[in-house]
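Modelling step: build the complete structure from the supplied sequences, incorporating the hints.
One-letter residues, chain by chain:
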Amino acid sequence: MSTNDSSSDGLDVAAIKAEFPLLQREVNDHPIVYLDSGATSQKPQSVLDAMDRYYAEINANIHRGAYLIAERATTAVENSRAALARFLGAPSAEEVVFTKNATEAINLVAHSWGRTNLMEGDVVLLTALEHHANIVPWQQLAAERGVEIRWIPVDDEGRLDLTDLDVLLDGVKLLAVTAASNVTGALPPVRHLADAAHAVGATVLIDASQWIPHLPTDVTDWDADFVAVTGHKMCGPTGIGALWGRRELLDAMPPFLGGGSMIQNVTFDGFTPADVPTRFEAGTQPIAEIVGWHAAVDFLEGLGMEAVAAHERDLTAYALRTLTERFGDDLVIHGPSTVEERGGTLSLAYRDIHPHDLSQVLDQHGVCVRAGHHCAKPLMKVLGVNATARASLYLYNDESDVDTLADALADAGDFFAF
Amino acid sequence: MAGLEDLYREIILDHYRSPRNRGELEVPPATMAEGFNPLCGDEIRVYLQVDDEVISNVRIGGQGCSISQSSASMMSTAVVGKSIDEARDVLRQFKEMMSIHEHGLDGEDAAPGDPAADQPGASGLGDLEALRGVVKFPVRIKCATLGWNTLDQALTDSCSE
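Chains as they are written, first to last, in the working numbering: chain A, 143 to 560; chain B, 2 to 162.
Simulated from the structure, these hints should not be mistaken for lab results.
Watch out, some of these pointers could steer you wrong.
[As the list claims (entries may be wrong)] Straight-line alpha carbon distances no greater than 30 Å define the calculated DSSO-like cross-link-like pairs of lysine-lysine that follow:
1. A:242 to B:143
2. B:143 to A:519
3. B:96 to A:519
4. B:96 to B:143
5. B:143 to A:523
[To be verified] Away from chain A, derived, C-beta distances all over 10 Å, residues of chain B:
6. 30
7. 60
8. 78
9. 84
10. 92
11. 100
12. 127
13. 150
14. 157
Here a beta-carbon is modelled for each residue, glycine too, at the ideal position from N, C-alpha and C.
Shown next as structure tokens:
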């Protein structure tokens, strides 16, 4: 059984939990056990305070006023951009474009880079692990102009099957791949894929939504061309994400959304777009969210991403071991079986209990898990299921959370023992 | 607090364990409608055989959670042998019961004793009354209504032929 002592891996989880107001509440008369950080993470007090302070002290529109608080607000936004660039390992803050979320970041690439560079018959290579956010924008492009979509398949353990990678890469213009599956937790070999794609002259987009909250990120190490990220899964607020892109690619791309801020000049006859990244940031940005995201980056850097990754690796190993020992063949955990190949996203199938029913019983124990297809229906088809119950672990979870999950699963087994 | 027993009444679990009218019918002469719950991936097929304005046979296919499966099973027993107008009447009553207007969006706010149960007309639903507890779990209302919305579609399809 657990000891609740996580000090051996460097994170003081009890102290971390205490910084998250929501994790102090009860649900259905039980202390909350939040295991749905794959959907969205909880937010530490420092993030909430940063947003409140912005509104209370320096709320003004950015890049416009010459007065003191407008200047402070502008500085706060640019400081956040710089902090995020550092967090991503980006060579320059100007390569970081704020978007609403990772979905919008991918759509930005599809609309702007895609509609400039992809013609009829060009090939976009995706993987069966992708979230709908990294599928549908490309299918829209395929329907609009006859771009061909190919798929890298997955094997029995929910890992990419790279056996035929060379064949699949033939003629590919863009490889778009997730760095971490939101269903199986699988961690595709991003650098290997990027090298192979670049060897055939393809551009590489990484969906890092499920990666950056959990593992140290370096877009240069990945040798990626575009990286899409979101704030709300990494302790930041909802409504803010970003696209990192190589400067020369961004410089050559036309604007995505048109409007205020994104121009150098507008006349009755037309407009001249602004430089990168402003070119892609039309309209008033979610300033408070950008400021809150900066606080989230500070929070994670304060803990150290190496320490976060080590903690989650140990906790994932504990969860795999505990659940397997306790439930044996009654419980299927989709995805790779070793922590070297996976993150702490555990998609579960327990006996014949439908995920919806499972999550309902778990909720009675205060345990929050996601039930459904996780916006990855093609992958669900490969796994042979319509839905799974997904428990996703994060830095504020500990072994007692896993134990509570196991107890709640056992209770669900009793309730639905037909 | 709404407990599990409010949701998983014995008769619901019974229909889940032993679904009635499971299977398929040949199309045509039967009509078939498909319903999806895009949130969870549940899918249901309702096969309807209508002879002289009367539903002579119903079969249910697809897969889903205990609530969607049992609700569809109970629906099949409630409408078989009924005229199309009678079936539409049951459908309307059931969807009225599933309406969350009087309960608020937070299931915990549902009034004790469930005054909605005293509404005139509610008694006409018989066994289907067991599904009333679902409204205390707003997320599951879509599960309970999936089969019924699919029946609605199948009735419309069979009338247009």
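Consistency of the hints with the structure:
no.	hint	in the structure
1	A:242 to B:143	29 Å, holds
2	B:143 to A:519	19 Å, holds
3	B:96 to A:519	29 Å, holds
4	B:96 to B:143	11 Å, holds
5	B:143 to A:523	22 Å, holds
6	30	30 Å, holds
7	60	20 Å, holds
8	78	20 Å, holds
9	84	34 Å, holds
10	92	23 Å, holds
11	100	21 Å, holds
12	127	24 Å, holds
13	150	17 Å, holds
14	157	26 Å, holds
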